[in-house]
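Participant: With the hints as your guide, set chain S onto chain L.
Chains as they are written, first to last, in this note's numbering: chain L, 1 to 228; chain S, 1 to 228.
Rather than coming from a laboratory, the hints here were simulated on the basis of the structure. Remember, it's a predicted structure, so these values are computed and weren't measured experimentally. You may find that some hints are simply not true.
To be verified - Once the Cα atoms are required to be at most 27 Å apart in a straight line, the calculated DSS-like pairs of lysine-lysine come out as:
id : chain 1 : residue 1 : chain 2 : residue 2
1  : S       : Lys-209   : L       : Lys-225
2  : S       : Lys-61    : S       : Lys-131
3  : S       : Lys-61    : S       : Lys-22
4  : S       : Lys-162   : L       : Lys-209
5  : S       : Lys-61    : S       : Lys-43
6  : L       : Lys-131   : L       : Lys-209
7  : L       : Lys-209   : S       : Lys-225
8  : L       : Lys-36    : L       : Lys-61
9  : L       : Lys-162   : S       : Lys-209
10 : L       : Lys-36    : L       : Lys-86
11 : L       : Lys-86    : L       : Lys-162
12 : S       : Lys-22    : S       : Lys-36
One letter stands for each residue in the lines below.
Protein chains: 2
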Amino acid sequence: MDITVIGGTGEEGFGLTLRLAKAGEHVIIGSRSEEKGQTVAAKAREILGASAAVDGTTNEKAAEQGDVVFVTVPFAGQADIYRAIKDHVAEGKVVVDCTSPLATAVGGRAWQVVRPWHGSAVEQAKALVPKANFVAAFHTVSGEQLRALERPMDSDVFVCGKDPAAKAIVGGLIEEIPNLRWVDAGDLTMARIAETMTALLVSVNRTYKLHDAGFRVTGRDAWGKPGS
Amino acid sequence: MDITVIGGTGEEGFGLTLRLAKAGEHVIIGSRSEEKGQTVAAKAREILGASAAVDGTTNEKAAEQGDVVFVTVPFAGQADIYRAIKDHVAEGKVVVDCTSPLATAVGGRAWQVVRPWHGSAVEQAKALVPKANFVAAFHTVSGEQLRALERPMDSDVFVCGKDPAAKAIVGGLIEEIPNLRWVDAGDLTMARIAETMTALLVSVNRTYKLHDAGFRVTGRDAWGKPGS
Numbered sequence: 001m002d003i004t005v006i007g008g009t010g011e012e013g014f015g016l017t018l019r020l021a022k023a024g025e026h027v028i029i030g031s032r033s034e035e036k037g038q039t040v041a042a043k044a045r046e047i048l049g050a051s052a053a054v055d056g057t058t059n060e061k062a063a064e065q066g067d068v069v070f071v072t073v074p075f076a077g078q079a080d081i082y083r084a085i086k087d088h089v090a091e092g093k094v095v096v097d098c099t100s101p102l103a104t105a106v107g108g109r110a111w112q113v114v115r116p117w118h119g120s121a122v123e124q125a126k127a128l129v130p131k132a133n134f135v136a137a138f139h140t141v142s143g144e145q146l147r148a149l150e151r152p153m154d155s156d157v158f159v160c161g162k163d164p165a166a167k168a169i170v171g172g173l174i175e176e177i178p179n180l181r182w183v184d185a186g187d188l189t190m191a192r193i194a195e196t197m198t199a200l201l202v203s204v205n206r207t208y209k210l211h212d213a214g215f216r217v218t219g220r221d222a223w224g225k226p227g228s
Numbered sequence: 001m002d003i004t005v006i007g008g009t010g011e012e013g014f015g016l017t018l019r020l021a022k023a024g025e026h027v028i029i030g031s032r033s034e035e036k037g038q039t040v041a042a043k044a045r046e047i048l049g050a051s052a053a054v055d056g057t058t059n060e061k062a063a064e065q066g067d068v069v070f071v072t073v074p075f076a077g078q079a080d081i082y083r084a085i086k087d088h089v090a091e092g093k094v095v096v097d098c099t100s101p102l103a104t105a106v107g108g109r110a111w112q113v114v115r116p117w118h119g120s121a122v123e124q125a126k127a128l129v130p131k132a133n134f135v136a137a138f139h140t141v142s143g144e145q146l147r148a149l150e151r152p153m154d155s156d157v158f159v160c161g162k163d164p165a166a167k168a169i170v171g172g173l174i175e176e177i178p179n180l181r182w183v184d185a186g187d188l189t190m191a192r193i194a195e196t197m198t199a200l201l202v203s204v205n206r207t208y209k210l211h212d213a214g215f216r217v218t219g220r221d222a223w224g225k226p227g228s
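Next up, chain L with everything else stripped away, as it sits in the complex (with noise of 0.2 Å):
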């Protein structure tokens, strides 16, 4: 599969590229400028290896070539991007957002969170781009803990879409990297809880003078697909 990383320079983006990329996707990063997309997808292949597959180019490009699209930039940006990348997303392309609505974007704390009008940061985004088949994820899973490959992951995954196989998909993908679970939590509004657990993980980070809290779901030994 062709998988995007949009916002793939930065922490959260690259870890994804590198975990997914190493699981032997062909990862595409997507940045404003192509330069630093190549430049970018040629640190993730130094630190995979030869053999990794992962690309660079602009965000515009990103967008068309991934069969699946993740979006994993700040709340300040992502209006911009979406609409930046529109007229480049196919009709029920799954997209992946991955945006927590930080008032860091609006100069406050990254402990606190705004509200977005639509409700959450990724309804803001289907109202974008109303054509993309939308799935949130990955707000919880420490960016840093991504990027060190030689770490077990120690995270579940919330994912919430309004369509069980995009949602199936994306918890496939996530599926192939060691020791990251995924929970289907509910359809897209359950992502005005979860994108609001970022700030609450921030906190618990900020308390105990960590960087990598995350979530484990308790109640079942395994979870993913539902029914499954």
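Facilitator: Just chain S now, with coordinates in the frame of chain L:
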């Protein structure tokens, strides 16, 4: 210590009563009706054995008697309860609000929330009883699991509050319940997030046909009092 559980006749409150009394605490169940409080206290003693110290009385008397007062009531009745006990809560008493503002309070769904004017249910409580020393906790701990005394707990408690000493007192009680841990989630306003996480668990329970999904926080082997 004398521990009051207002709403101790409900599932969450009764579970908390059983667990704290089993740990050796004296628990006073508060109820609108003194008789109902006493009946439910007798039921707790029946479950725990005659040595258990559980009494039942009115909410008002229970609020006076407890050194720490837990309030475990549905959001729809929360404000009325605080108005009722307001004059019976001593200045500075530690009050642990466990309310989640689920949309069921207004006829909506349990996996959806309403947004209290003050930001969170506990901040609404604080506005009604400003003299109490509020802590918010237990939103994401299954009442069913609390009641099932033979089963070990498998959940972390998010504890929010302004006063570290009050959080440590509540944390000490949590640590008396085997296998339950507490995580300091920050100041009282962080309950704006922690309270809504109940709804996310309801969604997960609904999707996977469970009753007792919970959260564990990863990133440290032990949590509890920060800096310890």
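Participant: Output the indices of the hints that this structure fails to meet, ascending.
Facilitator: 6
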